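Engineer: Given the coordinates of chain A, work out where chain B should sit on it, guided by the hints.
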Amino acid sequence: MIVLVLVVALLVIAIAAGFLGSLAGLGGGVILTPVLVLFFGIPFGDAVGASAVSVLATSTTSGAAYVHDRLTDLRIGNFLQIATVPGALIGATATVLLAPTNLVPVLLIVLGLVLLSTVPGSIAMRHEEHPPEGPGDAISRRLKFEGNYYDRLHQRVVHYRGQNSKTALVVMFAAGIVSGLFGIGSGVLKVLALDRALRLPMKVSTATSNFMIGVTATAGVGVLFAGNLVLPLLAAPVAIGTTTGAYLGSRLLPGLTNRLIRWLFVVILLVLAVETLVRGVAML
Amino acid sequence: MTGPSAAPTEVPEDPTFPPAAYERISRLLRGGVLLFLVFAGAGMIARTAIDPNETVTAILANPPLSRFASAGGFLSALAVGNPEALITLGIYVMVGVTIGRVGLAAVDFYRGRERSLGVVSTAVVALLLLGLFVVAPFVR
Chain A
5 MIVLVLVVAL LVIAIAAGFL GSLAGLGGGV ILTPVLVLFF GIPFGDAVGA
55 SAVSVLATST TSGAAYVHDR LTDLRIGNFL QIATVPGALI GATATVLLAP
105 TNLVPVLLIV LGLVLLSTVP GSIAMRHEEH PPEGPGDAIS RRLKFEGNYY
155 DRLHQRVVHY RGQNSKTALV VMFAAGIVSG LFGIGSGVLK VLALDRALRL
205 PMKVSTATSN FMIGVTATAG VGVLFAGNLV LPLLAAPVAI GTTTGAYLGS
255 RLLPGLTNRL IRWLFVVILL VLAVETLVRG VAML
Chain B
-5 MTGPSAAPTE VPEDPTFPPA AYERISRLLR GGVLLFLVFA GAGMIARTAI
45 DPNETVTAIL ANPPLSRFAS AGGFLSALAV GNPEALITLG IYVMVGVTIG
95 RVGLAAVDFY RGRERSLGVV STAVVALLLL GLFVVAPFVR
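From first to last, the protein sequence lines stand for chains A and B.
Heads up: the first sequence begins at 5 in my numbering, then just goes up one per residue.
Heads up: the second sequence begins at -5 in my numbering, then just goes up one per residue.
Isolated chain A (complex conformation) (with noise of 0.2 Å):
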């Protein structure tokens, strides 16, 4: 394949994967991996690159409009960084070290797994608009993990309070990991944590893990550019087109009703996990 035909490829591919990822509410990112290295013959850890710095231009992008609304939880956000962050630094590293090995097969498998595992949770989504507030935890009440925001669908503003601060935080380390080792956003682990451990209301949820997302790539980002998986000619059209994908989705169609998007969305993750499975296996 020559340059000219790869970039604009890519620039297609990764425009889809923002805008059908933006309107499922799944982030794009989560297929850019495995489509880069199943139909593009991207070996793993460059794949594992370019997906990463999308997830990161991505997560800047709608992160910049979730804050702007305030919906973004500042509080409960950094405070669990402290545990998406090493999570990160240490899957960013293992890919590094693993890449190269002929352990590529495994990650395949383990990538595979990941995605299949997501399947469950991306058709659920059981957010709960107004979840009942709880007393709190020792840490959520001592870090006041509580705010305020206003709901415009049910015009008023709306109170909550975090809960399960331990347990929250455990999943993002693990999040953090699955993000660092496969350049992906762990988008549903961490809603899982935001959603059902601290019990946050569905909007502060999303946009706190989005705002969390950015940070955790971030740290992947910097450990596979010293590993050379991060090719900027592989990166670009990767960002930008999930980038331009993603704000094209939130601009011009945010009353439609996602539900028929979200269930082509999830079929393709089935498809592609199943696809990295059988391939991972082939490769053993």
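Mixed in with the good hints, there may be bad ones.
[Claimed, not checked] SDA-like, lysine to any residue: derived pairs with alpha carbons at most 20 Å apart: (1) A:K170 to B:A117; (2) A:K148 to B:S110; (3) A:K148 to B:E7; (4) A:K148 to B:L98; (5) A:K148 to B:T10; (6) A:K148 to B:R105; (7) A:K170 to B:S110; (8) A:K148 to B:G112; (9) A:K148 to B:L31; (10) A:K148 to B:A117; (11) A:K148 to B:E108; (12) A:K148 to B:R134; (13) A:K170 to A:A201; (14) A:K148 to B:R109; (15) A:K148 to B:T116.
[Stated by the list, open to error] Here are some, though not all, of the chain B residues that point toward chain A, as calculated from beta-carbon distances under 8 Å: (16) E4; (17) M88; (18) V91; (19) Y104; (20) L126.
Don't read these hints as lab results, they were simulated from the structure.
Note that the structure is a prediction, hence the values are computed from the model and not measured.
From the three backbone atoms N, C-alpha and C, an ideal C-beta is built for every residue, glycine too.
Structural biologist: Below, chain B without anything else, positioned relative to chain A:
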């Protein structure tokens, strides 16, 4: 129970993070994305235009990092308009912006006398810098 506050359309102001603090972080992020798109876009177009028929295999076999390993090498490449150095600059901007946004939050926490969260945010910045300047050279 979660419910509406006394003033249903006015979000009570957080003394640590007044609207201006959110706006500051949002502006930083928007500026970072814009610079990234300009640098990475220009670099991508220029790099593709140099030799559109170059094979992907050749590019994969010759990663540019070896030339950018030192600050001097990177700046020299940037000075002569090396397209890959330009894309790399865009990525550096994004990394810098992300570290900057955590740093800004840390400053706001200290200003708001929330020392614990100020320390946590400072630790996150330290971890990110540790990754860049200790872990990264280790894996290089």
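Engineer: The structure should be examined with respect to each hint, and the outcome stated for every one.
Structural biologist: Hints versus structure:
Proximity of K170 (chain A) to A117 (chain B) is assessed by CA-CA distance (about 18 Å); at most 20 Å being required, the pair is judged to hold. With a CA separation close to 11 Å, the supplied pair K148 (chain A) and S110 (chain B) stays within the 20 Å bound. Using a Cα cut-off of 20 Å, the hinted pair K148 (chain A) and E7 (chain B) holds, with the two alpha carbons roughly 14 Å apart. Taking the CA atoms of K148 (chain A) and L98 (chain B), the gap is near 19 Å; set against the 20 Å cutoff, the hint holds.
For the hint linking K148 (chain A) to T10 (chain B), the alpha-carbon distance of about 11 Å falls within 20 Å, and the restraint holds. Taking the CA atoms of K148 (chain A) and R105 (chain B), the gap is near 16 Å; set against the 20 Å cutoff, the hint holds. For the suggested pair K170 (chain A) and S110 (chain B), the alpha carbons sit about 16 Å apart, so the restraint of at most 20 Å is met. Of the supplied pair hints, the one linking K148 (chain A) and G112 (chain B) holds, its CA atoms being roughly 13 Å apart against a limit of 20 Å.
Restraint check for K148 (chain A) and L31 (chain B): not satisfied, since their Cα atoms lie roughly 37 Å apart, outside the 20 Å limit. For a cut-off of 20 Å, the pair hint linking K148 (chain A) to A117 (chain B) stands: about 19 Å separates their Cα positions. Annotation: proposed proximity of K148 (chain A) to E108 (chain B) holds, straight-line Cα distance about 9 Å (limit 20 Å). Using a Cα cut-off of 20 Å, the hinted pair K148 (chain A) and R134 (chain B) is violated, with the two alpha carbons roughly 41 Å apart.
Restraint check: the Cα-Cα separation between K170 (chain A) and A201 (chain A) comes to about 9 Å, which is no more than 20 Å; the hinted pair holds. Only pairs whose Cα atoms come within 20 Å are accepted, and K148 (chain A) paired with R109 (chain B) is accepted, the gap being roughly 12 Å. Restraint check for K148 (chain A) and T116 (chain B): the C-alpha separation of about 18 Å stays at or below 20 Å, so the hint holds. Checking E4 (chain B) against chain A: minimum C-beta separation of about 7 Å stays under 8 Å; hint holds.
With 8 Å as the threshold, the beta carbon of M88 (chain B) comes within range of chain A, its nearest partner Cβ sitting at about 5 Å, so the hint holds. Satisfaction of the interface hint for V91 (chain B) is found here, the shortest Cβ-Cβ separation to chain A being roughly 7 Å, below the 8 Å cut-off. For Y104 (chain B), the interface hint is violated, the least distance from its beta-carbon to any beta-carbon of chain A being 12 Å, above 8 Å. Below 8 Å, beta-carbon pairs count as interface contacts, and L126 (chain B) has one with chain A at about 4 Å; its hint therefore holds.
The earlier numbered hints that this structure contradicts are 9, 12, 19.
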